[in-house]
Amino acid sequence: MFDFIKDNLILNDPLIIGANISIVFTVIGIVATLTYFKKWKWLWNDWITSVDHKKIGIMYIIAALIMLFRGGVDALLMRAQLTVPNNEFLSSQHYNEIFTTHGTIMILFMAMPFLLGLMNVVVPLQIGARDVAFPFLNNLSFWSFMFGAILFNMSFVFGGSPDAGWTNYAPLAIEGSPGPGINYYLLGLQISGIGTLLTGINFVVTIIKMRAPGMTLLRMPMFTWTTLITAFIIVFAFPILTVTLALMTFDRLFGTHFFTLTAGGNPMLWSNLFWLWGHPEVYIVILPAFGIFSEIIATFARKTLFGYKSMIISLVAISGLSFVVWVHHFFTMGGSAAVNSVFSISTMAIAIPTGIKIFNWLGTLYKGRIEFTVAMMWSVAFIPTFLIGGVTGVMLGMAAADFQYHNNYFLVAHFHYTLIAGVVFACFAGFVYWYPKMFGHKMNERIGKWAFWFFSIGFNVCFLPQFVLGFSGMPRRVYTYGPEDGWTALNVISSVGAFGMGVGFMIIVYNVYYSYRFAKRELSGDAWDGRTLEWATSSAIPPHYNFAHVPEVKSADAFYYMKQERKESGKPEKVEYKPIHMPSNAGTPFIMSGLFFVGGFGLVFELWWMAILALIGIFGCMAYRSLFSHKQDAGYYVSVEEIEKTENPYKREA
Amino acid sequence: MIILDPKGPVGAVQKDLIMLSIYYMLGIMVVVLSFFTVILLKYRSSKKDSDYKPEMHGSTKLEIIWTLIPVLIVIALSIPNTKALYELKEAPKATAHKDPIVIHATAADWKWIFSYPEEGIETVNYVNVPEDHPILFKVTAADSMASFWVPQLGGQIYGMPGMVNDLYLQADETGTYDGRNSNFTGEGMTHQKFDFVALEEEKYREWVKDAQENEPKLTEETYEKLMLPDTVDKMTFSSTHLSIVDHGKNSEYAMAIREKYGVEASSHDADKDAESSHGKHGDMEDHDNNEDD
Chain A
1 MFDFIKDNLI LNDPLIIGAN ISIVFTVIGI VATLTYFKKW KWLWNDWITS
51 VDHKKIGIMY IIAALIMLFR GGVDALLMRA QLTVPNNEFL SSQHYNEIFT
101 THGTIMILFM AMPFLLGLMN VVVPLQIGAR DVAFPFLNNL SFWSFMFGAI
151 LFNMSFVFGG SPDAGWTNYA PLAIEGSPGP GINYYLLGLQ ISGIGTLLTG
201 INFVVTIIKM RAPGMTLLRM PMFTWTTLIT AFIIVFAFPI LTVTLALMTF
251 DRLFGTHFFT LTAGGNPMLW SNLFWLWGHP EVYIVILPAF GIFSEIIATF
301 ARKTLFGYKS MIISLVAISG LSFVVWVHHF FTMGGSAAVN SVFSISTMAI
351 AIPTGIKIFN WLGTLYKGRI EFTVAMMWSV AFIPTFLIGG VTGVMLGMAA
401 ADFQYHNNYF LVAHFHYTLI AGVVFACFAG FVYWYPKMFG HKMNERIGKW
451 AFWFFSIGFN VCFLPQFVLG FSGMPRRVYT YGPEDGWTAL NVISSVGAFG
501 MGVGFMIIVY NVYYSYRFAK RELSGDAWDG RTLEWATSSA IPPHYNFAHV
551 PEVKSADAFY YMKQERKESG KPEKVEYKPI HMPSNAGTPF IMSGLFFVGG
601 FGLVFELWWM AILALIGIFG CMAYRSLFSH KQDAGYYVSV EEIEKTENPY
651 KREA
Chain B
1 MIILDPKGPV GAVQKDLIML SIYYMLGIMV VVLSFFTVIL LKYRSSKKDS
51 DYKPEMHGST KLEIIWTLIP VLIVIALSIP NTKALYELKE APKATAHKDP
101 IVIHATAADW KWIFSYPEEG IETVNYVNVP EDHPILFKVT AADSMASFWV
151 PQLGGQIYGM PGMVNDLYLQ ADETGTYDGR NSNFTGEGMT HQKFDFVALE
201 EEKYREWVKD AQENEPKLTE ETYEKLMLPD TVDKMTFSST HLSIVDHGKN
251 SEYAMAIREK YGVEASSHDA DKDAESSHGK HGDMEDHDNN EDD
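Here the protein sequences line up with chains A and B, keeping their order. Going by the numbering used here, the letters in the first sequence line up with residues 1 to 654, in that order. Going by the numbering used here, the letters in the second sequence line up with residues 1 to 293, in that order.
Think of the hints as simulated: they come from the structure by calculation, not from any bench. One should not assume that every hint holds.
Unchecked claim - Now the in silico label distances, taken between C-beta atoms and shown as ranges:
#1 A:THR256 / B:GLY262: 50 to 56 Å
#2 B:SER50 / A:PRO213: 37 to 43 Å
#3 B:GLU200 / A:ALA80: 40 to 46 Å
#4 B:GLU220 / A:VAL73: 56 to 62 Å
Everything numeric in this text was worked out from a predicted model, so none of it was measured. Yeah, the Cβ is synthetic: ideal placement off N, Cα and C, and Gly gets one too.
Kindly produce the complete structure, drawing on both the sequences and the hints.
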């Protein structure tokens with residue numbers, strides 16, 4: 001046992017030792033704080049076992065911010081290494097591990113949970129529901145994501161990180177990469193993938209079945225629409241990932257030959273399967289981002305969304321196309337001219353619905369009264385920057401030209417322009433916009449603007465030069481280059497930009513603290529004069545049952561028209577409260593996900609006894625859940641008294 | 001920006017296509033950004049006198065227009081792209097009267113091996129060709145999936161174990177062009193480079209003759225050592241590995257050799273036996289960077 005730990009704990013790299021020490025201190029700090037303030041019970045009852053979608057959403061977002069920090073540090077280490085030629089700051093192996101974890105974490109453990117978090121907080125409120133369709137499952141989703149993320153993240157201090165890129169191409173990831181690193185990748189993604197798939201199912205059902213009376217599909221807010229389409233893509237795409245990861249896990253652990261060089265394995269199959277999931281995955285993260293921008297632009301242009309129906313049609317078109325473009329990730333694999341032509345056309349065709357959306361956002365701004373709040377600034381900045389990402393995407397989609405762009409910095413710049421200007425801007429915009437809904441106060445606008453300018457200017461300074469580096473022939477994933485390559489100046493500029501983005505992120509974190517201390521507390525649920533139902537709650541932070549009285553929806557932009565009606569008719573009529581049925585907390589998901597973690601760890605290090613015991617435990621949890629579900633699902637009633645107390649703050653004591 | 005300054009017909013086709021797409025894209029950006037700027041300036045909330053229409057839902061006419069224009073642009077770009085794809089599958093037209101020289105390019109962690117079947121020559125990490133002459137590369141790999149790329153001469157193609165991809169390249173001017181593997185293949189990928197040397201026809205023939213007469217034969221043992229993961233110096237032989245193994249059909253060869261020598265791919269704590277046991281480390285300028293602490 002001691003030998004096992006000694007062999008795997010990484011102690012030969014000063015950077016990682018530093019990380020080890022800080023992790024130990026952080027854990028001690030957290031445990032001590034919780035114990036000192038006697039918060040363990042609070043943590044268990046109010047958060048860990050909570051099935052409240054708003055709390056689960058907040059936990060997702062906190063996890064995403066931590067992962068953004070980790071992925072961001074990875075990015076800065078890479079930029080530090082590439083700033084000057086022949087740099088010896090990082091070794092090749094270390095650099096390879098860092099770009100692998102950077103990519104994997106940013107997509108799967110940052111972008112995904114951030115968006116899932118915002119969906120969790122907002123979507124049930126937007127459709128006038130009291131929770132998601134399957135609250136127990138929702139808790140399980142979060143914890144399996146979380147434990148998958150923890151498993152993946154511990155690789156760098158214990159056993160070594162995966163080092164075959166986030167795409168994890170075979171045969172490099174099988175024959176070319178011994179050690180536990182790739183196992184961490186396979187198991188970490190597998191476990192968190194369970195959570196994502198469950199969330200997909202949960203939101204499909206929630207949006208289809210739980211809408212408030214009167215909210216027809218064509219009255220749903222755009223963010224709810226994008227969530228619905230995204231959930232469908234998840235349900236269709238994630239099983240591919242599950243199977244693909246499982247096959248490679250078999251290859252690595254049990255000696256099968258699906259993707260191996262030997263015994264008739266086919267490494268190219270991995271590339272195809274990976275991108276069959278991977279390309280839809282890109283749209284899983286970008287479509288909710290489009291939804292967030294749609295909400296914010298309509299709110300702060302003080303106008304209804306332009307071209308609502310064409311927005312939906314283009315959403316559906318994008319989701320369909322997302323499944324038929326995967327070959328563009330390897331035009332260079334030697335497909336026939338006909339195959340490459342077809343996939344070029346399907347790829348470029350995505351520009352059409354995306355273009356429609358861009359023009360519709362411009363149409364929304366047209367003849368509006370634009371207020372440049374921080375959330376709006378992120379959303380407005382998205383348009384020109386994402387445009388650059390979009391047009392370079394079309395350029396990359398032309399297969400004959402892609403032979404030159406493939407695997408070089410032009411590509412790197414392109415996908416950062418779509419993923420940062422699209423997804424990260426949206427996450428920040430949504431975070432700021434719905435912050436009062438989550439925490440009862442706004443984030444400081446002045447500090448927020450500083451963060452915006454640092455991050456967005458830093459972003460362009462970082463990635464615009466990389467287009468040029470691509471034209472100069474700099475391949476991605478190289479850990480160094482020579483002075484004779486002539487890439488130095490642009491790399492220096494790029495690193496400066498990356499540093500600016502880091503500063504921007506730190507300012508956002510500081511703003512969380514500053515606003516917690518000093519921001520004015522919101523008195524109503526409608527912080528921004530919003531248009532959709534999430535702003536219709538009686539208090540800034542909605543009560544756990546969301547709506548004392550389920551609102552009746554008469555049009556799109558439901559809340560906007562409710563407010564107008566109320567203005568005309570004077571005071572809202574008094575409503576009779578009825579007891580509200582709410583789901584009870586659940587501890588099983590946390591334990592079950594913990595067992596997934598233990599079992600995953602056992603598989604990573606081929607400790608079969610551990611894996612088998614955990615598997616038995618997982619089945620035990622399932623059996624427990626099935627046998628006693630009638631008790632667990634019974635839920636409880638919120639009494640009329642309690643509702644009255646919560647809804648009418650003047651009567652509330654203290 | 002060497003991709004936009006190609007020195008051969010293949011790169012020129014791609015450059016023309018890239019420039020065409022850049023013009024289109026700049027056009028789109030100018031239009032969208034103009035609208036964007038005007039709208040943002042005109043409809044700020046601080047400008048109270050601007051007309052404000054909160055109930056404007058959309059405009060079918062406008063929405064059709066901004067659907068059709070992108071459709072036309074996509075069609076306009078698809079046609080030259082498809083043409084170029086078919087063109088690139090053939091030998092360059094300008095030199096169609098010359099028979100292409102066939103050279104096998106094989107990636108093995110982390111080196112490039114070039115075999116001239118007609119001439120009976122094999123080189124490692126450099127390839128000599130005559131200028132103004134079409135070359136047909138038969139690209140494959142012994143182990144990891146690599147990508148064969150000479151940016152200034154034309155786009156890349158994957159080399160994959162058990163398969164062969166064809167790629168035509170041609171240099172219109174003499175000179176040494178940087179070639180490399182652009183696909184991630186692990187620790188030594190950064191240094192998996194080669195020199196693509198275009199010589200005058202006469203000098204090329206001299207080099208071929210010289211190599212055939214003066215260079216050693218490629219023994220099976222030497223070739224086996226090339227299968228071990230490492231970076232090596234340039235080498236020249238007067239026979240090819242094609243009689244030893246056909247990587248285009250046999251994807252297991254390199255793995256079998258590694259097993260035979262007891263070498264695993266490198267990882268954190270893999271010892272450096274593999275590296276010291278074979279291949280002389282020559283004067284490759286980047287050799288020092290390859291050492292892992």
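Please test the hint of 56 to 62 Å on the beta carbon pair from GLU220 (chain B) and VAL73 (chain A). Hint violated: Cβ distance 48 Å, outside 56 to 62 Å.
Lying within 40 to 46 Å: is that true of the beta-carbon distance GLU200 (chain B) to ALA80 (chain A)? 45 Å, holds
Do SER50 (chain B) and PRO213 (chain A) keep their Cβ atoms within the hinted range of 37 to 43 Å? 38 Å, holds
Can you tell me whether the CB distance of THR256 (chain A) to GLY262 (chain B) sits inside 50 to 56 Å? 24 Å, violated
Figure legend: structure checked against the earlier numbered hints; hints not met, in rising order: 1 and 4.
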